[in-house]
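Enquirer: Listed below, chain by chain, are the residues.
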Amino acid sequence: MKRFLLFSACAVLASAQSPAGDAKHGKELFLTYSCYSCHSFDGHGGAGARLVPMPLNQAGFTSFVRNAGRMPSYSSKVLSDAQLGDIYAYIKSLPTSPDAKNIPLIQELLKEK
Amino acid sequence: MSKSKKTSVDRRGFLKGAAAGAAALVAKPELANAQQSGVPPNGPQPIQHNANGTAAQPSQVALARETGGRPEASARVIEHPGSDYMVDVIKSLNIEYLAANPGSTYESLHESLINYGDNKMPEFLTVCHEESAVAMAHGYAKIEGKPMMALIHGDIGLQHASMAIYNAYCDRVPIYMVVGNHADGARRRPGVESLHSAQDLGALVRDYTKWDDEPLSLEHFADTAVRGYSIAMTPPGGPVLIVCNHELQSDPIQGSTPRIPKLTQTSPPSGDMAAVREAAKLLIDAERPQIIAQRMARTPEGMTLLVELAELLQAPVNSQERMNFPTRHPLAGVGWQGYQPDVTLNLEVGDILPQARIDRARGAKTINITAVSLTHKSNIQDFGHYADIDLDIGADAQATLPALIEEIKKQLTADRKRAFEARGAKLAPAHKLAWDQQIEQAQYGWDSSPVSLARLCGEMWPLIKNEDWSLVSWQGFINSWPNRLWNFDKHYQYIGGQGAGGMGYGAPAAVGAALANRKHGRLSVSIQTDGDLNYAPGVLWTAAHHRIPLLTVMHNNRGYHQEVMFVEEQATLHNRGADRAHIGTKLWDPNIDYAKMAQAYGMHGEGPITDPNDLVPALKRGLEIVKKGEPAMIDVVTQPR
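Top to bottom, those sequences are chains A and X. This note's numbering puts the first sequence at residues 1 to 113. This note's numbering puts the second sequence at residues 1 to 641.
Note that these hints are calculated values from the structure, not bench results. Given the structure is predicted, the values throughout are model-derived calculations rather than measurements. All C-beta atoms in this analysis are idealised placements derived from N, C-alpha and C, irrespective of residue type, glycine included.
Here are a few chain A residues that face chain X, going by a calculated C-beta distance under 7 Å:
| no. | residue |
| --- | --- |
| 1 | C38 |
| 2 | S40 |
| 3 | D42 |
| 4 | H44 |
| 5 | G45 |
| 6 | G46 |
| 7 | A47 |
| 8 | R50 |
| 9 | P72 |
| 10 | Y74 |
| 11 | S75 |
| 12 | V78 |
| 13 | P98 |
| 14 | I103 |
| 15 | I106 |
Make the full structure from the sequences, and use the hints.
Expert: Laid out in structure tokens, this is it:
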């Protein structure tokens with residue numbers, strides 16, 4: 001997570017804006033390359049980190065995927081920058097979860113002793 | 001021999017190929033068939049092989065017997081077979097159930113159990129695979145705290161059972177196994193009886209059984225049977241195997257009936273008092289102690305003792321593997337943020353090395369109490385690693401806790417007691433904070449389809465929390481969401497994992513645990529992974545047939561998900577794409593319809609559920625059936641983890 005945040009900070013400083021990706025193609029890649037296996041089909045995490053909402057810009061995201069920490073790193077030979085851009089666009093399109101405050105069951109659980 | 005007629009047909013092999021023609025064949029006169037085959041009707045019937053090595057069509061006599069044809073009337077009657085006496089011995093052990101897949105090596109004992117023994121104590125449960133029999137016994141023992149019996153057919157059944165035996169061995173769980181054999185080569189017929197027998201049958205699983213024996217007389221059987229039970233139950237528990245020769249079962253009892261020895265249960269080993277005093281001193285002097293408990297609480301008393309110890313020390317308890325400590329106790333967890341333990345008390349921890357390394361790196365002391373240190377074997381590496389720790393007590397942790405608690409009370413000063421209270425005052429809010437954060441994390445993916453595991457477990461909780469419930473499945477593949485959302489405060493509310501990580505354990509262990517829960521009127525629920533179920537799904541039929549109430553909720557992520565991640569990681573390590581990680585790891589194309597599977601085995605099944613809003617109505621329908629005493633399954637298509 002620290003590494004993730006570090007890249008997040010770097011990404012904020014990154015000035016170059018990447019072209020917008022193709023979210024539809026990104027979804028195909030997200031499934032084909034098993035991103036879902038750690039991050040869930042909805043990007044809300046599981047064995048891996050939550051991707052939604054995505055805190056990085058595209059350059060930061062690409063940089064992270066190339067030099068990931070606990071997560072396996074993906075080289076440009078495996079996934080091009082353009083493909084990562086498409087995956088990034090797909091992740092950005094995924095809906096966020098409702099807030100815990102608006103989920104009655106979670107609120108009930110919080111009240112239990 | 002108890003029967004005048006024996007045939008030599010592979011009972012599991014031939015039926016598939018030969019059943020179609022069986023009816024016509026058995027209609028033919030036996031003598032004529034025998035003449036055609038050149039083998040006398042009462043003689044051994046060797047398996048015929050084709051040139052390609054496959055089994056040829058069995059003889060007519062063999063087919064007649066195996067397809068329901070009536071064997072010739074026996075030339076003699078055995079009024080008092082040895083197997084009747086064996087039943088008397090087994091009954092003396094108060095074993096409630098035995099699970100078995102039928103086999104001829106124990107046919108005499110089988111008949112004695114159901115007729116002479118009236119199919120009570122133990123009651124015969126039919127299973128479709130020996131692995132299911134042993135894993136059922138595994139789950140049963142975790143709830144009931146005592147062994148169930150698995151009756152196993154010769155070397156073929158024992159090899160089927162072997163993985164479940166290994167799981168139970170590594171999980172330190174008592175299992176009582178009896179396996180049939182044809183030991184006497186002079187009486188053993190060629191063919192199946194030879195193929196299903198062994199010179200040293202126990203050797204097949206000796207590396208991961210606690211003890212085995214092959215009694216040669218009925219007196220010997222009695223000693224072995226009673227002793228085996230005691231050994232299985234003595235901590236650390238484990239599976240024991242009694243090889244029960246066919247001749248001993250089927251020969252008549254000669255002379256007077258041998259005495260049945262009474263069961264004398266060996267007391268568990270308790271820690272040496274000098275070492276216990278030293279442990280007490282280390283724990284009292286510690287500023288930030290922690291307790292790690294794995295296979296510690298063998299019984300509900302173990303939980304009570306651990307709560308007493310934790311409250312006495314005001315130390316956090318990190319409970320793993322078993323139901324050792326109430327999940328919502330203020331001392332449950334790993335302490336406040338940044339809590340750096342200076343003494344770790346490990347109770348029945350499987351491999352001490354990882355914690356010892358952490359402790360050493362921060363200058364902390366490590367105490368270990370485990371009875372496993374007393375029972376090492378050589379081959380299987382389940383005993384983990386050596387670690388140079390500060391205090392290693394070779395004793396059963398639960399049995400040692402009373403002495404440790406007393407010693408701490410004796411050494412405790414008023415100053416230290418005040419320090420403990422101050423620590424406890426900081427730990428309680430830290431626990432509450434961590435608990436609330438865990439619950440709030442359930443929001444992520446709450447509305448997603450496939451269904452998130454947090455949502456699945458969250459929706460289950462209100463439906464069961466007012467019942468006397470028991471989770472009879474492992475939480476390792478479901479991110480421990482029940483632990484994070486439910487309130488576990490009773491020993492029987494969780495059975496833990498496989499022991500050795502062997503898949504195929506989950507479904508039968510759940511059925512076995514639900515069987516144990518049945519007489520207590522508890523509601524058993526299982527969150528069942530799809531990969532595990534497909535090893536031996538026939539246990540669903542066992543649950544339906546024997547009316548074992550169990551709600552199975554499928555965690556159907558359509559694959560061996562852990563392995564998807566592993567293959568993906570390897571692909572990236574090799575600088576290749578993970579786009580083929582699904583090969584060999586996924587269970588799709590076609591998707592498996594678990595609702596239909598459940599229905600096929602005779603239980604209520606519905607699904608697949610993909611919309612989380614459909615969960616609660618389906619769960620309620622399933623629970624209604626389970627509360628009536630039947631099993632039910634709800635198939636939920638889930639996020640990977």
